[in-house]
Every structure is written in structure tokens, then in C-alpha cells.
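Given these sequences and hints, build the entire structure.
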Amino acid sequence: MELKDNTRDWVIPEHNGSFRAYMNAKQEKLRVQFERRKVGGEGGIFKGVTIHVNGYTKPSHTELKELMIQWGGGFENYFSNTRVTHIICSNLTDAKLKQYQKERNPVPVVHPDWIMESIRAKRLLDFSGFVLQRIRLEPNQKVLQLPRRPRGAVGDRQGGKPSCSAQVEGRPSPGKRERDLLNNVDSFFKNSRLHFIGSWKANIDAVMSAAAALNPPRPKRVQSTERQIIHVDIDCFFASVAVSVDPSLEGKPVAVCHSDSSKGTAEISSCSYEARKFGVKAGMYFSAAKELCPGLVHAPYYFEKYQGASAVLYRILLQYSACVQPVSIDEAYADISGLGDSLSICDRIRSQFHKETGLRVSTGASHNMLLAKIATNQAKPDGTFFIRVETSKEFMKELPVKEIPGVGYKSSKKLAEMGMLHCSDVWLRSKQILQQAFGSKTGELIWEYSHGRDSRAVKSEAKRQTVGAEINWGIRFTSNQDAIKTLEKLSEEVQRRLEQSHTKGRSITLKLKLRKPNAPPPSKFLGHGWCDNISRSITLACSVDDNAVIAKEAVGLLFKLGVDPREIRGIGIQITKLDEVQMGARKRTIQPDVQESLKQASRKREPRLKEIAPDENVRLSDIDINEQKYILSMIKAREREQSKRKLFFAQASGGHSGRQRKHTRQAGGSGNEPRPDPGPDLPPPVSEAERKLHRSIDSARYVFEVCEIISAAAAEEKALVRYVSERAEGDLEKLGRLLKAIRLVRRNPGAYQVKMVGSELEAAEVLIQKSVEQNYGGVM
DNA sequence: ATCCTCCCCTAC
DNA sequence: TAAGGTAGGGGAGGAT
1 MELKDNTRDW VIPEHNGSFR AYMNAKQEKL RVQFERRKVG GEGGIFKGVT
51 IHVNGYTKPS HTELKELMIQ WGGGFENYFS NTRVTHIICS NLTDAKLKQY
101 QKERNPVPVV HPDWIMESIR AKRLLDFSGF VLQRIRLEPN QKVLQLPRRP
151 RGAVGDRQGG KPSCSAQVEG RPSPGKRERD LLNNVDSFFK NSRLHFIGSW
201 KANIDAVMSA AAALNPPRPK RVQSTERQII HVDIDCFFAS VAVSVDPSLE
251 GKPVAVCHSD SSKGTAEISS CSYEARKFGV KAGMYFSAAK ELCPGLVHAP
301 YYFEKYQGAS AVLYRILLQY SACVQPVSID EAYADISGLG DSLSICDRIR
351 SQFHKETGLR VSTGASHNML LAKIATNQAK PDGTFFIRVE TSKEFMKELP
401 VKEIPGVGYK SSKKLAEMGM LHCSDVWLRS KQILQQAFGS KTGELIWEYS
451 HGRDSRAVKS EAKRQTVGAE INWGIRFTSN QDAIKTLEKL SEEVQRRLEQ
501 SHTKGRSITL KLKLRKPNAP PPSKFLGHGW CDNISRSITL ACSVDDNAVI
551 AKEAVGLLFK LGVDPREIRG IGIQITKLDE VQMGARKRTI QPDVQESLKQ
601 ASRKREPRLK EIAPDENVRL SDIDINEQKY ILSMIKARER EQSKRKLFFA
651 QASGGHSGRQ RKHTRQAGGS GNEPRPDPGP DLPPPVSEAE RKLHRSIDSA
701 RYVFEVCEII SAAAAEEKAL VRYVSERAEG DLEKLGRLLK AIRLVRRNPG
751 AYQVKMVGSE LEAAEVLIQK SVEQNYGGVM
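Residue numbers (the UniProt record's numbering): 1 to 780.
FYI, nobody ran anything at the bench for these hints, they're computed from the structure.
Glycine residues also receive a C-beta, built at the ideal position from the N, C-alpha and C atoms.
One or more of the hints may lead you astray.
Derived DSBU-like pairs: lysine-lysine, alpha-carbon spacing no greater than 35 Å straight-line [to be verified]:
#1 463 to 355
#2 176 to 413
#3 263 to 190
#4 263 to 176
#5 463 to 58
#6 431 to 414
#7 402 to 252
#8 463 to 441
#9 58 to 190
#10 190 to 252
#11 252 to 524
#12 524 to 410
#13 431 to 281
#14 410 to 252
#15 740 to 577
Per label pair, the in silico range of CB-to-CB distance [what the hints assert, rightly or not]:
#16 455 to 344: 25 to 31 Å
#17 113 to 288: 52 to 58 Å
#18 516 to 199: 25 to 31 Å
This is the structure we're talking about:
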């Protein structure tokens with residue numbers, strides 16, 4: 001109704017001062033840096049430069065991004081010929097280089113040193129001195145060649161005439177435009193709506209933690225039937241955004257999808273209520289929808305706008321409660337127990353959101369999450385609905401089982417076969433029958449939900465279990481090299497997300513979709529068609545986030561499966577068994593500081609410290625940041641205070657894990673609290689402390705070394721024992737150090753950030769001992 | 001019994 | 001033309 005309101009750019013509502021307060025901390029920091037640079041009047045070193053980072057680099061992808069933004073440059077996660085001016089890369093395979101250079105306007109591929117040197121020089125240096133020339137072949141490339149397929153096979157080269165990989169299932173050779181879509185990871189992710197909504201969740205963490213800093217009200221603890229849970233859901237989100245961008249669509253049947261071809265197979269992701277009246281639904285091909293509704297209007301995606309609207313929704317929700325559980329970009333729960341009247345809060349949320357975005361949101365409220373969500377479904381469109389305890393049973397009675405969240409296509413079909421169409425049908429059977437058919441947990445869930453019972457608590461933060469990236473569209477490989485290239489791309493994507501979520505993982509899973517032997521051509525343009533899904537995983541000795549390692553392992557798994565690459569229709573990588581990386585991406589940026597203060601501390605205060613400092617062969621930067629911080633904290637503690645020092649050093653020889661809680665534990669148990677200010681009459685440092693400090697630095701070094709060896713072994717051989725026997729053969733000193741480190745880790749499992757496989761460590765230890773015994777006649 | 005791997009199902 | 005991802009829950013069945 002207020003068209004101006006609808007069309008205004010609410011993505012970044014600068015007019016609304018409070019918005020900034022809700023921006024996530026990182027964005028805010030970058031903005032401040034950006035502003036500061038502008039005030040400086042320099043205009044930015046990298047003005048006009050937009051980089052895309054390829055592969056594993058030092059500094060990392062994330063750091064380069066921050067630096068570019070800080071110094072006035074641009075950054076693209078995905079390569080775009082039109083926007084990217086330089087590709088930043090530490091080393092590049094021939095294949096990748098060719099891929100970039102064959103573009104119409106080749107983009108220079110430059111070493112990250114160019115960025116670092118330019119920043120150091122405070123001006124944009126000529127990049128030509130940093131262009132990558134020497135190309136290193138990936139070590140696994142020749143090893144992992146699979147046997148060549150017979151000549152004349154589908155998709156193979158024939159008579160020297162170049163043919164394209166999509167020549168399958170009787171299709172003619174594809175045109176150039178189609179060829180550009182094949183196996184194209186970058187453009188796929190840039191345009192995929194499912195990728196967009198799927199990877200959105202990773203973003204919300206930042207928004208939530210920023211909002212938590214503002215101390216929103218916390219819900220009160222109440223009886224389970226007296227809880228007040230609300231559920232909010234933006235009405236046909238993508239379609240509504242399209243209407244708000246183009247007000248002439250108001251009141252028309254609108255469908256959001258990629259193509260407006262009335263014959264095509266573009267999938268509708270969202271449609272307006274006017275379109276729904278004709279039976280148009282999300283997931284339909286546009287062509288099919290057009291038959292149902294000839295007046296259907298096509299609308300494009302506006303991915304950036306969705307982010308903005310979503311941020312507004314979450315900001316509003318977090319004004320009413322700190323306990324908000326994100327479900328998706330347009331949907332969330334909030335626990336508002338004891339914080340006000342549910343319906344009036346719902347109304348305020350709805351009107352506030354509409355005022356700010358021009359979009360409508362529907363809300364549901366009840367005493368549990370299940371009923372709140374069902375209430376929202378009842379409320380749509382543009383309404384609010386409340387289900388009270390007394391009426392909940394009545395309400396569930398008529399509800400089709402398909403409407404129970406968690407009961408989808410398969411389960412509802414199964415239930416229908418068992419004669420259960422509505423929740424009341426379920427009541428007449430027993431929980432045991434459901435558990436027999438669906439398994440104990442799922443059976444119980446259906447039983448409980450069908451009665452309107454749900455004891456879940458609204459969880460505002462959840463620990464991530466998996467990180468992955470996959471593509472099941474436009475995948476047509478002619479050779480294993482194609483598959484390897486795609487896996488390398490996917491690994492980069494996975495690395496990015498691991499970095500973003502401050503995690504590493506120990507288990508790598510390769511997921512494949514393989515064309516079924518009798519599959520007809522896919523109905524969908526470049527779709528995967530009928531497929532078998534298979535997956536294989538490998539668990540490494542330590543957690544990794546390096547795309548090179550991930551790619552290598554994924555390629556190894558592909559090799560292990562031994563599939564015909566031409567049959568692959570979908571491919572993906574998943575990382576599980578995640579470990580949190582403390583300090584996350586920031587660790588490398590603060591590393592120089594730690595290093596510097598460590599140096600200063602040793603120079604200024606403690607001449608003797610130099611003697612016991614790590615030897616020059618081991619760079620401090622090679623020691624894990626947590627170890628460094630621990631060492632530093634010890635040095636500082638030592639400088640400050642003798643009594644305090646005792647506290648910190650108590651576990652120095654065994655507890656250099658970098659975990660804070662260890663530091664604060666009192667070993668002697670004498671009960672003295674660490675005093676902030678030392679008395680002048682404290683005893684001088686004892687040499688025992690010196691020794692322990694020395695030992696802990698050594699230990700950190702050993703541990704680092706063994707971690708490195710284990711991860712190298714994991715990346716290459718996967719058999720630590722073999723790796724060790726090959727690398728350390730005849731090197732007594734190395735064997736000794738390794739043995740020491742392995743024992744250290746075995747004595748303190750769990751004390752180190754990198755997890756070890758016990759049996760492998762044990763085997764390695766035995767092997768080393770044996771080797772020493774045989775070759776040197778001694779025991780270690 | 002408990003864990004692990006390889007699935008399937010579901011939701012957005 | 002068209003961009004069929006991502007993550008969690010959980011079950012079957014084998015290994016330990």
C-alpha cells in the first residue's frame with residue numbers, strides 16, 4: 001500500500017541509527033577501518049583492484065579479504081571475469097591456469113606477496129613482478145590417473161574431433177553457452193538459490209552474537225504448559241521481495257525462478273498467494289506453472305536483499321527476547337515466557353517488520369515449538385494465530401499427519417498405508433506400532449507430536465557438526481581430471497567455510513551421485529536425473545582445514561570407489577568430526593603481536609631467557625598459536641609476580657595446551673588467590689621455574705612437530721607407521737624428538753588441540769623403539 | 001553394549 | 001535452456 005515504503009532500499013537502512021548497533025562485530029570492525037582509511041585521505045592502496053583468491057594461500061583467504069577491504073580494494077568469493085582484476089594464488093596447476101587464461105580477457109594470476117608488499121610500501125606496487133610463472137603440478141595428479149576408458153565410448157574423443165562431455169544420453173553436442181554451465185562450480189554457487197539458503201545459516205551466528213551484546217530480555221523459567229513460544233515466518237519471502245522491488249507486480253501472480261522460458265525447466269522457489277490460487281507451488285517447473293496459470297509473471301532473485309530483510313527480522317525478534325532460534329533466512333522461534341503478552345508481541349513484531357521492509361510476516365504462538373509453528377501455518381498469509389493449551393488437542397485432531405513437522409513425503413505415505421491420515425488416526429494406534437515402523441526415536445516423535453506434545457527448548461545456539469559443499473547440477477565429466485578439478489574447487493569452498501566457522505575436521509566424506517544404469521535423459525536441463533547416491537569417508541589422524549589436504553583425500557576416495565567419471569552426476573565433500581579452532585581466523589593476525597611481546601619480554605627482562613629460548617631452527621610461527629599464547633602468558637606471569645608464577649607454572653611441564661582453565665587451576669592447593677600487585681619482598685625467581693619454562697617451550701615444539709608429521713602422514717599415506725619409518729630412518733636425533741613428542745601426547749591425550757588416534761601413536765612409538773634398538777643397539 | 005560408516009529422510 | 005544446497009536426526013548393520 002505504501003509503495004515508497006516498499007521500494008526503498010532497506011538492505012542497509014542508513015537512516016535507522018540503531019541498525020548499526022546490530023551489525024555483526026566483524027562487519028562493524030571492517031567498516032571502522034574503512035572509515036579510518038577514508039579519513040586518512042589516501043583513497044586506499046587497492047582502489048580499483050578486486051581480487052579472487054584461488055587455493056591455499058598464506059596469508060589465508062580470510063585475511064586477504066580483510067586486508068583488501070581495509071585498504072580500499074574489492075574481493076570476490078567466486079571468480080568473475082567482469083569484476084575480478086587479479087587472481088591471488090600461491091601456486092597453481094597448469095589446468096587451473098589455463099582455465100583462467102582462456103577467458104576472453106585473461107586476468108593476471110599474482111602471488112599474495114604483491115598484496116603484502118604493497119601494504120608494506122603503502123602504495124600499489126606493479127604486480128608484474130609478482131605474476132605466477134612457475135607452475136607446480138599437484139603431486140597426486142600422475143599417481144591418481146585412472147585407467148583410460150575404451151575408445152569410442154560415449155563422451156570420448158572420436159577421430160581427433162574434440163567433443164564435449166555433455167554428449168551423453170543421446171544429446172547432441174552442447175553449444176558454447178551450455179558448455180559454460182558444465183562443471184562450473186563458481187557460477188553455480190553464485191546463482192544457486194539452494195546454496196544461498198543453505199549457506200545462510202553460517203552467517204546468522206555473527207548477527208546473533210552481536211545482538212546478544214545488547215542484553216535483550218531473557219525468558220523466565222516457567223511450567224512447560226505455561227511457556228510462551230512464538231514462531232515467525234516471512235510470507236512467500238522471495239516473491240514478496242520481488243514485488244517490493246518492482247511494485248508493478250503487486251497483486252499479480254508472481255513466481256521467482258531463474259528463467260522465464262515458458263517451456264523451460266526452471267524451478268520455482270517462491271510464488272505469491274495470487275499464483276498459489278492457481279495451484280502454483282514452490283518446486284514446480286516454470287513451464288508447468290505457466291500451464292496452470294497463464295498469467296504467471298516471472299521475477300528474478302535478489303539475493304542481497306534477502307540478507308537485508310532477514311537481518312531486520314532477527315534484529316526485531318532480538319528486541320523481545322535473547323532466546324531466538326534461527327530456522328532459516330525467513331523463519332525463527334523465540335521464547336518469550338514471562339516477557340509479555342504473546343499476541344501483542346506478535347502484533348508488534350509484525351507491524352514493525354512491515355514498516356521497515358514493506359514485507360509481511362506471519363506469526364504463531366503457543367506453549368511449545370510444535371504448536372507455535374502449526375499456528376503460524378494457520379495464520380498465513382499476513383496474520384497471527386494463538387493455540388492455547390486447552391484447545392491444542394482439538395486442534396491436532398483434524399490435522400493431516402503430513403502437516404506434522406518432521407513427517408515428510410515418505411513418512412506420510414507410510415502412515416497413509418497404515419491407515420493414518422490425520423493425527424486422530426494416530427491416537428487410535430499405539431506408540432509401539434509407530435516405533436516398529438519408523439524406529440524408536442522417529443516413532444516416538446510422531447506419537448508425541450500428533451498429540452501436540454513437544455518438549456524441545458528454544459535453542460539460540462547450536463554447535464555445528466558438519467561442513468560441506470556439493471553440486472548436483474550441470475555435472476558432466478569426460479575424464480578423472482575433470483572430477484579432480486571439481487573436487488579441488490569444492491575443497492576451496494569447504495576450506496572457506498571451515499575458516500569461517502573456526503573449525504577443522506578429522507573426517508572427510510566424498511559424496512557422489514551416479515547415473516542409474518537405465519536412467520532416461522533427465523527431465524531437468526542439465527539435471528542429475530535418476531541416480532544412485534554413494535559416499536565414502538576417511539578419518540585422519542588430526543583435524544584439517546587445508547583445501548590441499550581435503551582435495552587430496554577426496555581424490556583418494558574417488559580413486560578408491562573406482563567409478564567411471566562419465567557416470568557422475570553430482571559430487572560433494574563433507575567434513576565431520578569437527579574440532580573448534582580457538583581464536584579462529586584471528587589467530588594468525590595476532591600472531592606477530594604475540595611474537596613481538598615474547599621477544600621483548602626475553603630481551604628486556606630476562607637475559608637468561610635467551611639462553612633457553614627455542615633454537616633458531618624452529619620458528620616460533622611454527623608453534624601453534626595456543627602454545628605461543630600459553631608460553632607468553634607464563635612469561636608475563638613470571639614477570640609480574642612470584643606467587644602468581646607458581647600458579648601458572650604448576651602444570652607447565654604437562655599442561656601447555658593453551659586451555660585457559662588449566663592455567664587457573666591451583667596445583668599446590670595452598671589456597672592463595674592470585675594477587676594483582678606483588679609485594680616488594682617476594683622471593684626471587686627460582687631456577688625450577690626456569691627449567692619448567694624451558695621444558696614447556698620444548699614440549700610445544702615437540703607437539704607441533706608430531707602434529708605436523710601426523711597430518712603430513714595423514715595427507716599422504718594415512719599410515720603413520722609407514723610414514724615414520726620412511727622419514728626418520730637412520731636419523732637418530734629425529735627419531736628421538738619424535739618419540740618424545742609422541743610420548744608427551746600419549747601421556748596427555750586431549751590436552752592438545754590436535755586429536756590423535758591412540759592406536760596409531762602407540763604403533764609409531766613401538767616402531768621407533770624397535771628401529772632404535774635394531775639400528776643403534778640402544779633404548780630410548 | 002557402544003561406536004562407526006553409510007545411508008535415508010526432512011526442513012528451509 | 002539454468003544454476004537439484006546444506007545440515008541435522010536417526011536407522012541398519014557390522015566392528016569392537
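Quick rundown of the hints versus the structure:
Of the pairs offered as hints, the one joining residue 463 and residue 355 holds, with about 34 Å between alpha carbons and a cut-off of 35 Å not exceeded. Between residue 176 and residue 413 the CA atoms are separated by roughly 43 Å; this puts the pair beyond 35 Å, and the hint is violated. Distance hint between residue 263 and residue 190 is fulfilled; the C-alpha atoms sit about 24 Å from each other, no more than 35 Å. Of the supplied pair hints, the one linking residue 263 and residue 176 holds, its CA atoms being roughly 21 Å apart against a limit of 35 Å.
Of the supplied pair hints, the one linking residue 463 and residue 58 holds, its CA atoms being roughly 28 Å apart against a limit of 35 Å. Proximity of residue 431 to residue 414 is assessed by CA-CA distance (about 15 Å); at most 35 Å being required, the pair is judged to hold. Between residue 402 and residue 252 the CA atoms are separated by roughly 29 Å; this keeps the pair inside 35 Å, and the hint holds. For the hint linking residue 463 to residue 441, the alpha-carbon distance of about 21 Å falls within 35 Å, and the restraint holds.
Using a Cα cut-off of 35 Å, the hinted pair residue 58 and residue 190 holds, with the two alpha carbons roughly 25 Å apart. Taking the CA atoms of residue 190 and residue 252, the gap is about 28 Å. The hint holds against a cut of 35 Å. At most 35 Å may separate the alpha-carbon atoms for a hinted pair to count; residue 252 and residue 524 meet this at roughly 27 Å. Between residue 524 and residue 410 the CA atoms are separated by roughly 22 Å; this keeps the pair inside 35 Å, and the hint holds.
Proximity of residue 431 to residue 281 is assessed by CA-CA distance (about 34 Å); at most 35 Å being required, the pair is judged to hold. Between the alpha carbons of residue 410 and residue 252 the distance comes to roughly 34 Å, so the proposed pair stays at or under 35 Å and holds. As the CA atoms of residue 740 and residue 577 are separated by approximately 27 Å, the hinted pair is consistent with the 35 Å bound. Judged by the Cβ atoms, the range 25 to 31 Å given for residue 455 and residue 344 holds: they are separated by roughly 26 Å.
Look at residue 113 against residue 288: about 54 Å separates their beta carbons, and that is inside 52 to 58 Å. Separation of residue 516 from residue 199 is about 29 Å and conforms to the stated range, judged on CB atoms against 25 to 31 Å.
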